[in-house]
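*Asks:* Assemble the complex: chain X is given as a structure, and chain U must be docked to it using the hints.
2 protein chains.
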Amino acid sequence: MNKEKTRTEAFPARLAKAIVAKDSRLCVGLDPRLERLPEEVREQAESATEALKRFCLGVIEAVADLVPVVKPQVAYFERYGPEGLAAFREVCKAAKAQGLLVIADIKRSDIGSTCQAYAEGYLGPLSGQPEPGLPWVRVDAVTVNPYFGSDGLAPFFEAAEANGKGVYVLVKTSNPSWLELQGLSLPNLENVAMHVLGLVAQWGRKGVDESGYSYVGAVVPATHPDEAGEMRARAPRTPFLVPGVGAQGGNLSEITSYFDVEGQGAVVNVSRSVLYPEREEGESWQAAIWRAAARFSDELNAVLLAAGKQTGR
Amino acid sequence: MNKEKTRTEAFPARLAKAIVAKDSRLCVGLDPRLERLPEEVREQAESATEALKRFCLGVIEAVADLVPVVKPQVAYFERYGPEGLAAFREVCKAAKAQGLLVIADIKRSDIGSTCQAYAEGYLGPLSGQPEPGLPWVRVDAVTVNPYFGSDGLAPFFEAAEANGKGVYVLVKTSNPSWLELQGLSLPNLENVAMHVLGLVAQWGRKGVDESGYSYVGAVVPATHPDEAGEMRARAPRTPFLVPGVGAQGGNLSEITSYFDVEGQGAVVNVSRSVLYPEREEGESWQAAIWRAAARFSDELNAVLLAAGKQTGR
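Note that the protein sequences, when read in sequence, are chains X and U. Numbering-wise (this note's numbering), the first sequence opens with residue 1 and increments by one. Numbering-wise (this note's numbering), the second sequence opens with residue 1 and increments by one.
Chain X on its own, in the form it takes in the complex:
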């Protein structure tokens, strides 16, 4: 087996294969908040960061055979400074070791050499030539913020291309105040978010691999299903990351338009509703998490089938 080739296989193809292999389009968001962790995890840990790590390792163990990808949110780790980032690194490593893809939810962006520092830190050197200490954490993709325009993203794209990684650009978010900026209407009557999606589709044009999708993806919400079809049409080669289901109010049955007829092109992220489920009598916290994840994953497949989209291995 050619190690070199495996290492640099493009992210969209790896994600598409993992979706087929697991027959799941669910991404489990790792948003560990100390006060919400199971008591037994908190009691056994000697520090907050230790508790966060143990919890996430337990979640990873529970869902590894079920879902293709997890999305650790760096903010919950960064809150604890260097010790938090060390835990973040171990969580990402454990997920990779269990065969999961990892989308680091960092939402960074900046310009010039500053942006390059972020890109190299999370995705590896821009040249694809190994460099000691880069990246500092092993992930498959990151989320980024488009406010700077392409200057604030180009180093991420370059590092992704060089190292077989992916980049999901924030396009439209699931919070009420999305309207204040993303929702501004432009003279051509489209809003800023739709305009940004058009840019994302352009930026990703040359990065399409054999899966039919680009390494430049978009974060789009589950909370505005009326626009899902329009967004898919506007960016047919752009893989979508769809948060907002569960605690944030989005409904699985309304987001089928984000997927293509083969049930590819998107993953749906659920965080809180999977991480902190109601436990049945005598059920372990990990079993409850497995059950919640299985339920979302199965429901998503069911609604896709009902919409005439293929799932299954």
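Just so you know, these hints were derived from the structure itself, not from any lab. Bear in mind the structure is a predicted one, so any value in this text is a computation, not a measurement. Here a beta-carbon is modelled for each residue, glycine too, at the ideal position from N, C-alpha and C.
Covered stretches of chain X, going by a simulated chain U footprint (3 or more residues, C-beta under 8 Å): (1) 65–78; (2) 111–123; (3) 135–149; (4) 169–175; (5) 182–194.
*Replies:* Relative to chain X, chain U alone:
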């Protein structure tokens, strides 16, 4: 002296006093890139993060009597993971110990409890009640990204208000691709950046202290001087952080409109042109940095005086 009161004195007042005390409106950006550090610093350090730290401590020592504020850029530290953040924490601590204000250039934002995690991590608990481990680093203000709208910033504002800190919201940036999003024209003919500035002014309205400025500031560029006066008029109580001078092409004489008649209301950031100056024969690297910072600081005062604005103690 009432410690409690000193600790929670609002950021705008503290910045205004520091500007008067040092008679300087210069912010030194701490953007340490290993390959650009003085040879003697790199040779003496046993690791990259050690070199970064030593360099920044040397810069802080050199400019502490000259400028009111420094702006460490977290990306250059985060590139090295946990060890990098540990160095970042020490750099911020050293700056505070030398009497400098610290603006952490993090450009974060997210929604809900994720945003809260960032806000608490950098600015302290939202309630103002001490909480162990918060914040993980001692800074006076942060930069944030407005793409989410107010939901993605509210926890930062809350933490800033509770702990006497400041928040600078990205409004318009100095890179060419600012046009792609910030430069989009809205139907009323203003662009997205100017609209965001209007929001920033609104968000900061209740946070104005005795200095006449709010704890909600804006990042505006030195590279579009034609708009400086319009921006000041649009947001009269919003303190400005103005990057883009020096390596990025901005010219000091063209940004006087960002300042009020008393020479307050803005600080101008210079990073590369101060950190990596030409050294004169036999000059130490710290002396060269001091000289570069002094030159920018004096020039800025001179152009303000020429524009009829007051400087001096």
